[in-house]
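Peer 1: Protein chains in written order, with this note's numbering: chain A, 1 to 579; chain B, 1 to 240.
Rather than coming from a laboratory, the hints here were simulated on the basis of the structure. Some hints could be false.
As a list, the in silico DSSO-like pairs of lysine-lysine whose alpha-carbon atoms are at most 30 Å apart [to be verified]:
#	chain 1	residue 1	chain 2	residue 2
1	B	117	A	101
2	A	556	A	536
3	B	8	A	101
Here's the letter readout for the chains.
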Amino acid sequence: MEVLKADILILGAGGAGLFAALHAYDRNPRLKVVVATKGLIGKGGCSRMVQGGLNVVLNEKDSLENHFQDTLKGGGFINNQELAWTLVSDAPKAVHELEVKVGCFFDRGEDGKIHQKPFAGQSFDRTVHVADLTGIQLISRMTDQIYARNIQVLEETRGLDLLSSKDGHRIVGALLSDIRTGEIFVVNAKVTIVATGGCASMYKISAPSFDKTGDGMAICFRAGAEFVDMEMVQFHPTGLVAGRSRLNGSLLEEGLRGSGARLYNGLGERFMERYDPVRLERSTRDRVARSSFMEIMAGRGTENNAVYLDASHLGAEFVEQKFPGMVERVKDIGKDLAREKVEVTPTAHYQMGGVRIDTHCQSNLKGLLVCGEDAGGVHGANRLGGNGICDSTVYGRRAGDVAAALASEEDIHPYQETEAERMRMGWLRPFLRESGENVYEIRDEIEDLMWEKAGLLRTGNKLTEAAERLDYFLEKIDSANVAHRYLAHYNMEWNNIIDVTNLITVCRMVVNSARCREESRGAHYREDFPETDNEKWLINIYQTKGEGFHLNLTQKPVALNRFRRDDIEDRFFEKVKKK
Amino acid sequence: MCKPLQVKVFRFNPESDVAPKFDDFEVPVFDNMAVLDVVIHIQNYLDRSLSFRFSCRIGMCGSCAMYVNGRARLACRTQVSSLKTRDITIMPLPNFPIIRDLVVDMEPFFDKWKKIKPYYVPKRELDEPVTVQPNSNEREFIDDMLDCISCGCCYSACSMVATNKDYLGPAALNRAYTLIADKRDAIRVERLKVVDRSYGVWRCHTQFNCAEVCPKNIVPTRSIQNLKRRCVLKKFGIFK
Ligand SMILES: Cc1cc2nc3c(=O)[nH]c(=O)nc-3n(C[C@H](O)[C@H](O)[C@H](O)COP(=O)(O)OP(=O)(O)OC[C@H]3O[C@@H](n4cnc5c(N)ncnc54)[C@H](O)[C@@H]3O)c2cc1C
Ligand code: SF4
Ligand code: SF4
Ligand code: FES
Chain A
1 MEVLKADILI LGAGGAGLFA ALHAYDRNPR LKVVVATKGL IGKGGCSRMV
51 QGGLNVVLNE KDSLENHFQD TLKGGGFINN QELAWTLVSD APKAVHELEV
101 KVGCFFDRGE DGKIHQKPFA GQSFDRTVHV ADLTGIQLIS RMTDQIYARN
151 IQVLEETRGL DLLSSKDGHR IVGALLSDIR TGEIFVVNAK VTIVATGGCA
201 SMYKISAPSF DKTGDGMAIC FRAGAEFVDM EMVQFHPTGL VAGRSRLNGS
251 LLEEGLRGSG ARLYNGLGER FMERYDPVRL ERSTRDRVAR SSFMEIMAGR
301 GTENNAVYLD ASHLGAEFVE QKFPGMVERV KDIGKDLARE KVEVTPTAHY
351 QMGGVRIDTH CQSNLKGLLV CGEDAGGVHG ANRLGGNGIC DSTVYGRRAG
401 DVAAALASEE DIHPYQETEA ERMRMGWLRP FLRESGENVY EIRDEIEDLM
451 WEKAGLLRTG NKLTEAAERL DYFLEKIDSA NVAHRYLAHY NMEWNNIIDV
501 TNLITVCRMV VNSARCREES RGAHYREDFP ETDNEKWLIN IYQTKGEGFH
551 LNLTQKPVAL NRFRRDDIED RFFEKVKKK
Chain B
1 MCKPLQVKVF RFNPESDVAP KFDDFEVPVF DNMAVLDVVI HIQNYLDRSL
51 SFRFSCRIGM CGSCAMYVNG RARLACRTQV SSLKTRDITI MPLPNFPIIR
101 DLVVDMEPFF DKWKKIKPYY VPKRELDEPV TVQPNSNERE FIDDMLDCIS
151 CGCCYSACSM VATNKDYLGP AALNRAYTLI ADKRDAIRVE RLKVVDRSYG
201 VWRCHTQFNC AEVCPKNIVP TRSIQNLKRR CVLKKFGIFK
């Protein structure tokens, strides 16, 4: 096997991976930084697809405390408070750097200053943006900055597994595969950063890009990383309904609701009046998505199992000017967002849970840093719109800085060759079989299973069923084969088998954790335990890999170190206080 | 109405094939079907060895450009119904080396992108975001041109690129314009020198093929015209 040596290996080139690379390099340009990405550089992942924008405190009438409080409220108070505080307090630095150093140009308001627009669940208009397709600018400009530096980029190269040192005490790089040639090789590195952007693509209706299949999480899991609150998967309320087309589930951005767009059920009722009479459509994502879903399940949806999003009363000119990208997308399905109501459905969007990290992106494994969507804890039970790309940029920068510091003092440790060889042979197995399971069928089944049993409305029974089915699928995918055995070269089917293996790995954690949490909070809703239970469940759920297929699960109380219980005046908590 | 599509797909594996060929597929149609849905259907259900590239499926990443019925387009943003025919021929983007089937090697495109120094270099004194009135002329039409998703459609449609392998091409020149017209940037003059060459702006024959195919409605020709004007100003020492 070919071996490439590096000081820092970064898996993933979304907002987190790119910022990590730029920061690591700028900290110490003598370091050899290697970035491997599954897509083309600057093209894969969801950072590129960010529409609405990024939350940051810039206005003097706003404050970090407000942003922090909104983030915790949105997160149902099980966020890691240190991580959430770091998020809001580093965000102004990240945005400053994006404008002044990276060369982005955010939209300006009447006063000529950076414009901030309203998003749901926020006490202040604090979302900076570039029209309604912000990610294109962010990621294109960061990619351009990569070109200005001596950073090695491996495009269409995917991480397969992490490698450990001979003594097993640290992570020393990864096994990767070059998608174009099918070649599997090793990058032996002092520090490895995983930033592959999590996943929510295990659901029938979902918003992320195709290349996001939980790879990073699955890779970290297999290596022994500890995960937190994996049951917390966010569904965005306004996914476009487009039948069997891949456009189905793609997002109509939150700024629409932020600006006053309304939701109606099939009977023409503005149903949010019943679920959150105060905030209505500007309520947090978890509530709006769940409310829509409940309407649909109660038979009050449209004939396509959807609800309506109506922005037409805002004025066609306003909608066309503020949301040109959304108008154009809707036009693809023959509708006019500016002038008529459009069918939308909740769509799986974002994974709040992930690898447990500290504020330096350090995981429980030495030599392994994790940032962006692959990491958990920042957003608790529900992420606010605009806090996602904020997270990736804030923690990407941090991971880069920390990695540079570590790599400057650390030596390169050799990896275990036998382990690497065993892993390689494992991944190549689909080529060795004459016949076997069809990966596309398995993928379809998993997406349906997760949507029905582990989606917006969960019960203990449904989750138990899902857990059993997933174990079965894990065995099934292990005997999948590729139809064209002598074609390793850009073989999409083989890559899909790897994708689905990783997806199942992540699904198992989601389901296991969801089964454990016997209450409803944020994105996690149990029909059999519909109340939020602060007496019992101000708890984080941790998981690691156990023997064989087993998952080790532990619970720990949330550290309420900045915002204590008495300080929190959310509705759930008022109830507790009254008792 | 529901007659299936007759799809011809270009196949080529440079590792093993002597020459490319076309394979024919019959694909059922459904509502809102995009060309991307067509190739996914073929790959998932009819021929698992087909290769193509995509990621976002909503026209934001620029990964899925293909040559469909004689024109460069984004597969994900091209509705089958808009082609107004049941016969579809899908080929890789012209002017690029082929990796396999519909997947092209974008390297020549990005090599040229890198040549114009595509990265912003801040002026030393600028350490805060600048104040710009939205209705001022300060940004000219830069912001419209910044929407480029580097999909390569324009590059594949430009006849000057086809005949001159050194020509920088529409996308790289458009990127150069967005930086050269950006008053915040420190190396605008240096960059202008790179494009003020025979293989730079002067190669463009202003035929707008690039603008015709751009899925983001960018008009690289307009940026190139603006660069030409600045090159002339530079010659007279007026551009700083
Ligand atoms: C449609 C959409 C709209 C959104 N809008 C907003 C918004 O308005 N505001 C907001 O705050 N958030 C938004 N989000 C969420 C936001 O995009 C994510 O929170 C954020 O981009 C995650 O960044 P990341 O760097 O962690 O991962 P990503 O940007 O997803 O990048 C992941 C990278 O890893 C690569 N990769 C994947 N697997 C592998 C592997 N095995 N090996 C190597 N590389 C790999 C991918 O190719 C990609 O380069 C949106 C998400 C979506 C899907
Ligand atoms: S200018 Fe248009 S066609 Fe050319 S690369 Fe950019 S987006 Fe694609
Ligand atoms: S206008 Fe210029 S850049 Fe555009 S296609 Fe014609 S020659 Fe090429
Ligand atoms: S898949 Fe991203 S532009 Fe088509």
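Peer 1: All the hints need checking, so say for each whether the structure fits it.
Peer 2: Here is how each hint holds up against the structure:
no. : hint               : result
1   : 117(B) with 101(A) : holds, 15 Å
2   : 556(A) with 536(A) : holds, 11 Å
3   : 8(B) with 101(A)   : violated, 47 Å
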